[in-house]
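Student: Required output: the full structure, derived from the provided sequences and hints.
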Amino acid sequence: MRSYLLILSLFFCGISFAQNTITGSVTESNNQPIPGTNIKVVGDKAGTVSDADGKFTLTTSANLPFTIEVTSVGHQTKKVSVTTNNQNVVIKLVDSQTTLDEVVVSASRTPERVLESPVTIERMGLKDIKKAAAPSYYDGLENLKEVQMNTSSLTFKSINTRGFATVANTRFMQLVDGMDNSSPLLNFVLGNLIGVSEIDIQNVELLPGASSALYGANAFNGIMFMNSKSPFTYPGISTYFKYGYTDQEAAGTNSFYDFGIRLSHAFNKYFAAKANFTYMQGTDWFATNYDDRARQGQGITRSDVNYDGMNVYGDEATTNIKAVGQTLAERGLIPASAVNLLPNYNVSRTGYNEVDLTDNKAGNTKMDFSFHLRPMGDESLEVIWQSKFGFGNAVYQGANRYYLNNFYMSQHKIEVKGKNFFIRGYTTTEDGGESYDMQFTGINVNRKWKDDNTWFGQYAGAFVQATLAGQTTENAHLISRGVADTGRFLPGTPQFQNAFSAVIADPNVLTGSKLVDNSRIYHSDANYNFKDLIKFGEIQVGGSFRQYQLNSYGRIYTDASGPIYYNEYGTYLQLQKKFMEDRLKFTGSVRYDKSQNFDGNFSPRLSLVYSGGENKQHNFRGSYQTGFRNPSTQDQYIGFNVGSAVLVGSAPDNLLRYTESRAVANGTPAIGQVYAGGTSVTMTGVNAYQNSYTRASVLQFAAFAAANPGNTPGAAALLKVTNVPNVKPEEVQAFELGYRSQYEGVNIDLNGYYNIYNNFIGNTVSVAPLYGTASETFDFAQGAPTYVTNPAVQTLHALANGNTRAYQLYTNTDLEIQSLGVGIGLSKRMFGYYDFGVSYNYAEFDFDQAKDPGFEAGFNTPKHRVKASIGNEKLFENFGFNASVRWNTEYLWESTFADGMIESATVIDAQVNYSIPKIKSLLKLGATNIGAQEYIQVLGAGAIGQQYYISWTINP
Numbered sequence: 001m002r003s004y005l006l007i008l009s010l011f012f013c014g015i016s017f018a019q020n021t022i023t024g025s026v027t028e029s030n031n032q033p034i035p036g037t038n039i040k041v042v043g044d045k046a047g048t049v050s051d052a053d054g055k056f057t058l059t060t061s062a063n064l065p066f067t068i069e070v071t072s073v074g075h076q077t078k079k080v081s082v083t084t085n086n087q088n089v090v091i092k093l094v095d096s097q098t099t100l101d102e103v104v105v106s107a108s109r110t111p112e113r114v115l116e117s118p119v120t121i122e123r124m125g126l127k128d129i130k131k132a133a134a135p136s137y138y139d140g141l142e143n144l145k146e147v148q149m150n151t152s153s154l155t156f157k158s159i160n161t162r163g164f165a166t167v168a169n170t171r172f173m174q175l176v177d178g179m180d181n182s183s184p185l186l187n188f189v190l191g192n193l194i195g196v197s198e199i200d201i202q203n204v205e206l207l208p209g210a211s212s213a214l215y216g217a218n219a220f221n222g223i224m225f226m227n228s229k230s231p232f233t234y235p236g237i238s239t240y241f242k243y244g245y246t247d248q249e250a251a252g253t254n255s256f257y258d259f260g261i262r263l264s265h266a267f268n269k270y271f272a273a274k275a276n277f278t279y280m281q282g283t284d285w286f287a288t289n290y291d292d293r294a295r296q297g298q299g300i301t302r303s304d305v306n307y308d309g310m311n312v313y314g315d316e317a318t319t320n321i322k323a324v325g326q327t328l329a330e331r332g333l334i335p336a337s338a339v340n341l342l343p344n345y346n347v348s349r350t351g352y353n354e355v356d357l358t359d360n361k362a363g364n365t366k367m368d369f370s371f372h373l374r375p376m377g378d379e380s381l382e383v384i385w386q387s388k389f390g391f392g393n394a395v396y397q398g399a400n401r402y403y404l405n406n407f408y409m410s411q412h413k414i415e416v417k418g419k420n421f422f423i424r425g426y427t428t429t430e431d432g433g434e435s436y437d438m439q440f441t442g443i444n445v446n447r448k449w450k451d452d453n454t455w456f457g458q459y460a461g462a463f464v465q466a467t468l469a470g471q472t473t474e475n476a477h478l479i480s481r482g483v484a485d486t487g488r489f490l491p492g493t494p495q496f497q498n499a500f501s502a503v504i505a506d507p508n509v510l511t512g513s514k515l516v517d518n519s520r521i522y523h524s525d526a527n528y529n530f531k532d533l534i535k536f537g538e539i540q541v542g543g544s545f546r547q548y549q550l551n552s553y554g555r556i557y558t559d560a561s562g563p564i565y566y567n568e569y570g571t572y573l574q575l576q577k578k579f580m581e582d583r584l585k586f587t588g589s590v591r592y593d594k595s596q597n598f599d600g601n602f603s604p605r606l607s608l609v610y611s612g613g614e615n616k617q618h619n620f621r622g623s624y625q626t627g628f629r630n631p632s633t634q635d636q637y638i639g640f641n642v643g644s645a646v647l648v649g650s651a652p653d654n655l656l657r658y659t660e661s662r663a664v665a666n667g668t669p670a671i672g673q674v675y676a677g678g679t680s681v682t683m684t685g686v687n688a689y690q691n692s693y694t695r696a697s698v699l700q701f702a703a704f705a706a707a708n709p710g711n712t713p714g715a716a717a718l719l720k721v722t723n724v725p726n727v728k729p730e731e732v733q734a735f736e737l738g739y740r741s742q743y744e745g746v747n748i749d750l751n752g753y754y755n756i757y758n759n760f761i762g763n764t765v766s767v768a769p770l771y772g773t774a775s776e777t778f779d780f781a782q783g784a785p786t787y788v789t790n791p792a793v794q795t796l797h798a799l800a801n802g803n804t805r806a807y808q809l810y811t812n813t814d815l816e817i818q819s820l821g822v823g824i825g826l827s828k829r830m831f832g833y834y835d836f837g838v839s840y841n842y843a844e845f846d847f848d849q850a851k852d853p854g855f856e857a858g859f860n861t862p863k864h865r866v867k868a869s870i871g872n873e874k875l876f877e878n879f880g881f882n883a884s885v886r887w888n889t890e891y892l893w894e895s896t897f898a899d900g901m902i903e904s905a906t907v908i909d910a911q912v913n914y915s916i917p918k919i920k921s922l923l924k925l926g927a928t929n930i931g932a933q934e935y936i937q938v939l940g941a942g943a944i945g946q947q948y949y950i951s952w953t954i955n956p
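Note that the working numbering numbers the sequence shown so that position 126 is 126, with each residue one more than the last.
These are computed hints drawn from the structure, not numbers from a lab.
Take the hints with a grain of salt, since some may be wrong.
When the alpha-carbon atoms are kept at most 30 Å apart in a straight line, the in silico BS3-like pairs for lysine-lysine are as follows [stated by the list, open to error]:
(1) K127 to K413
(2) K92 to K40
(3) K577 to K535
(4) K92 to K127
(5) K578 to K535
(6) K531 to K79
(7) K616 to K828
(8) K55 to K417
(9) K531 to K413
(10) K78 to K531
(11) K448 to K361
(12) K413 to K269
(13) K145 to K130
(14) K79 to K578
Tutor: Next up, the structure:
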């Protein structure tokens, strides 16, 4: 028995002696702690990370002496020898002069150095975030090499990578802690409305090219990952306060506030939790572009009788004034002979400026909390519950301009993850709050004080009287508008405010403008890496499932009778293997995605990375991948009346779900209502797609008819029937070459890409006659002279008398579109701690517009862009600065709201910062657009002025 106890005691003593524990701290050269540093025992699985104060404790069974390896993003790796148990290790890391050794995950769903990434990737780490010359880290993304911002509002910026993007960038994904940040209703990212707080962001990774092979159909032109800090690694309380002001010629000088707090605590090694709250409030950029939307740069003002101002709403109500006279004559209100005194062209109502239809407030409130459970006490298994909430005010520009007022969005996620796997499920919900359409606000405020028929009738009657009194045509129009505008509600009056409040609270587009939305997304995905089970190569498998629940109560989608449910799923496989002494890395992946209304698609990706040079510092990469994008829910199920047109999705079951009653004018000759079989007709999506003419040919028809009165056959010969198929998935083949290296301290990043798009999704506009059958052949003898039995000729009467309805259709072009681009990035640290960076991007696309004149590609990207920066974190003790400059050439902007040129711009941003280590604080003073030259990035949005700010961050 004693022998047994002796052996047992010696056994436990052996175990005890095998456990060695060390403590220590990790700091920068200026003694600032470095949280989140990885400390690993070389040759052993033991490892840990430093806490918010840079401190750590590490226990290992390795025998003394052993070596630990200390790594942190933005610093050089350091190895330290440990010779005694309970040794206290003080480690100072030196700043790295290269960003190419930073580790990213998104490029291949597995950790790898930027240097070895198989595709182009941009990264923003903690140090980049702290030194960004921008009011927020999200604004600072614009300084990344591959990023072009589309700014719709002070609080709403959309990222554009490699073109073909408006504010509604449905070809780009943004994942926040693994959750797709897109709006369930709108199908695109709403900037940082429900993103990550300034003090909770860990890093940002951006893949600017096609990523469908790993991340699904929506990652068609790029994907961005925003990762927040873990409460295990970053416990404690952090807070910031930012104050500043915006300055714009139209809006003047206005203050803004931005506050945030982060509470995080690791209760023990098993359980941690965190919570964030941020609040920002300011004044938006005023949108005051009063050019005529269709006739920009021609000096057209309200004095033009058919003026349609870019940022003026209500003047979209327009009609042919001679047709109005004909109606008045039929009712005996004016003599029949007076009709000939009226001009045969359109007149529009007097509208309201955008600045009078919004309070111009821009704000964002974000809240989130999460609970983290590690059953094993380490990262081998972690269970996370996370909830995020975002509220905001911003202006979104789509087919119209929309004020997102108290817009709400939330996400809730449960995730189980380990060393080689994750399983997550989340839901996204949103509520339109008090959001409204500014165009319909203007239209229906006008109708509150005088309906359209009365206004146009008074205009026509006054014009006849003024003409008979001997007034010139110009004066007659001025007099007529004055008469018709009698009683108009003026901004600032109680009558206007009462009408405005009633309209924005009413979701009926005939009388109101409120946007109603309660849509949802349910999503789940999973991934497993077999690297510990299969040694041949690193093999990963995964998949995802998503269900959309569209619920706009018939306001935007054709869901008046109930929510529309729409499902899609996908699965993928990836193999990664190294050859030639790890110099050649092969990555191959394939993904299969299936959407409810479309056949399944395979998306393969192949890439090779070769590391040359003695130290493998010259990395050449090449990749080929295919991608596809399923039509968005808007492309398929929208049924949205935007006044001048109706947006109708082309899902087969959607065409009959959209219906609208339209009044029919008798016209000249007065037979329109006979053709229509009554005073009104019911139009559906079938009319839009299957019984209509292209808008371009209708415009040609009208111009020819005006120039050649009586030559109806000649005008009719110009008409083209709309012949577009239902929308289907678009496809891309993406080729990319790249080179990364560091040569004599210069970080070099070169890339070039060439994309071939087929079945490219876009929009075209059709014009449907309210009666007759659209045709390209006309028999003018059949049924003459009344043509009651000739439906083809009846459509000509409809076109000539304004008995039409315009529709925006969602379809694909048959033509092939190519785009290509080159990116060059150089950076170097020299003269001590001065960091210099410069990048150049070239982008263009090839598309033969003449072969498909009604199709808009919407590339919306400058051909040339140059960005440069200079900074020094240690200009002198605790003091640093950073400055950046961006320049781009002019470019064509195409969207459903407006088309036109965006002027070239040069923008300079700068900030200085001062750290106070004793109280763990960072003070920052900064300014954007220092040159004070206002510029736009979205045609129709407010010009971007200057921002000046000062911030104080505690425990950044």
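Student: Confirm or reject each hint.
Tutor: Each hint tested on the structure:
For the hint pairing K127 with K413, the CA-to-CA distance comes to about 28 Å; that is within 30 Å, so the pair holds. A threshold of 30 Å between alpha carbons decides the hint, and for K92 with K40 the separation of about 16 Å falls inside it, so the pair holds. Simply put, K577 and K535 have alpha-carbon atoms about 10 Å apart, close enough for the 30 Å limit, and the pair holds. Between K92 and K127 the alpha-carbon distance is near 16 Å, which keeps this suggested pair within the 30 Å criterion.
For a cut-off of 30 Å, the pair hint linking K578 to K535 stands: about 11 Å separates their Cα positions. Of the supplied pair hints, the one linking K531 and K79 holds, its CA atoms being roughly 26 Å apart against a limit of 30 Å. With a CA separation close to 19 Å, the supplied pair K616 and K828 stays within the 30 Å bound. For the suggested pair K55 and K417, the alpha carbons sit about 26 Å apart, so the restraint of at most 30 Å is met.
Note on K531 and K413: the hinted pairing holds, with a Cα-Cα distance of about 27 Å set against a maximum of 30 Å. Between K78 and K531 the alpha-carbon distance is near 27 Å, which keeps this suggested pair within the 30 Å criterion. For the suggested pair K448 and K361, the alpha carbons sit about 25 Å apart, so the restraint of at most 30 Å is met. Simply put, K413 and K269 have alpha-carbon atoms about 22 Å apart, close enough for the 30 Å limit, and the pair holds.
With a CA separation close to 18 Å, the supplied pair K145 and K130 stays within the 30 Å bound. Distance hint between K79 and K578 is fulfilled; the C-alpha atoms sit about 26 Å from each other, no more than 30 Å.
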